[in-house]
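Undergrad: One letter stands for each residue in the lines below.
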Amino acid sequence: MPPLEHILVVNAVLFAIGAMGVLTRRNAVLILLSVELMLNAVSLNMVAFAVYGHVDFGNITGVIFAFFIIVIAAAEVALALGIVVRTFRNRATANVDEVNLLKW
Amino acid sequence: MEDGVTATQVVFWILAVVMLISAIGVVTAGNIVYAALFFIASLAGVAGIYLILTVEFIALVQLLIYGSAVVILILFALMLTRARERPQALFGRSRPLGIAASLGLLAALIGGIVATTWTTPESSAAIQPVGLQAIGDAIFTIWIVPFIIVGVLLSIALDGAIMLASPDEDDN
Chain A
2 MPPLEHILVV NAVLFAIGAM GVLTRRNAVL ILLSVELMLN AVSLNMVAFA
52 VYGHVDFGNI TGVIFAFFII VIAAAEVALA LGIVVRTFRN RATANVDEVN
102 LLKW
Chain B
21 MEDGVTATQV VFWILAVVML ISAIGVVTAG NIVYAALFFI ASLAGVAGIY
71 LILTVEFIAL VQLLIYGSAV VILILFALML TRARERPQAL FGRSRPLGIA
121 ASLGLLAALI GGIVATTWTT PESSAAIQPV GLQAIGDAIF TIWIVPFIIV
171 GVLLSIALDG AIMLASPDED DN
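Protein chains in written order, with the numbering used here: chain A, 2 to 105; chain B, 21 to 192.
Next up, chain A with everything else stripped away, as it sits in the complex (with noise of 0.2 angstroms):
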């Protein structure tokens, strides 16, 4: 097993990229894609922290956790998928500087 310090330290990395993706894209498909690399990221913590603490704590929850917010990500995909084609089709763009109907 590798120690806990290099999986957070991975995962962060992992984070820092996504969070850089959602800062410097444009296009809205491709936001997505970032946020969900950050989302993995967070997931990969939360299971970490239960195999490192499951036989000193007695409890699993964080990989119970994991499951959830990938369930959750699949939901958050199909919704934001459906807002993007929407838009698409209203605007004839997917880039998020251009949605600007609510700019004055």
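To be clear, the hints were calculated from the coordinates, so they are not data collected in a lab.
Treat the hints with caution; some may be incorrect.
[Unchecked claim] According to the in silico footprint, chain A covers these stretches of chain B (three or more CB under 8 angstroms from chain A): (1) 26-40; (2) 44-55; (3) 68-74; (4) 120-132; (5) 163-174; (6) 179-186.
[Stated by the list, open to error] Quick look at which bits of chain A chain B covers, simulated, 3 or more residues with Cβ under 8 angstroms: (7) 4-12; (8) 45-54; (9) 73-80.
Because the structure is a prediction, the values reported are computed rather than measured.
Ideal placement from N, C-alpha and C gives every residue a C-beta, glycine not left out.
Starting from the structure of chain A, add chain B where the hints point.
TA: Chain B only, in chain A's frame:
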């Protein structure tokens, strides 16, 4: 035992490097489809790390839901929203600011991890695998109400997605 531990760590680092390089590809690739393919590689790396952490169930769920369903949805959305008439920039104007902010976030996270004293089992023999039966027991006893709620939420979200993406009656 000592050799086994070393081999596990080597495999972990190989998977981690592949996963992180693919993730960098996702956020920097110049082609949208290449970004989606890098995303699949990154998901496979995460599933491999789940296997190293002895939670086969989560690795299988990861491959089945993320690796197939979510990726197919994303590829469909990419093809449906491809603007063909003009080439477009993939990065916004605030790109340097975004890169600086994410590097700052990374420094803060790693600083926090290094500064914390983690009380983990010293030897890897103290780490027991999380069995499939333990996960099933937990989901269907303690977590049964959240499990049902998340099932209802999932079906509502999928119905809503179909409603959102289907054309209006007065569109034609």
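Undergrad: Give a verdict on every hint.
TA: Against the structure, the hints come out as follows:
1. 26-40: holds (count 7)
2. 44-55: Coverage by chain A holds for the segment 44-55 of chain B (5 residues, Cβ < 8 angstroms).
3. 68-74: holds (count 5)
4. 120-132: holds (count 7)
5. 163-174: holds (count 5)
6. 179-186: holds (count 6)
7. 4-12: Since 8 is at least three, the answer is holds.
8. 45-54: holds (count 7)
9. 73-80: Coverage by chain B holds here, the residue count being 8 at a Cβ distance below 8 angstroms.
Consistency note: the structure conflicts with none of the earlier hints.
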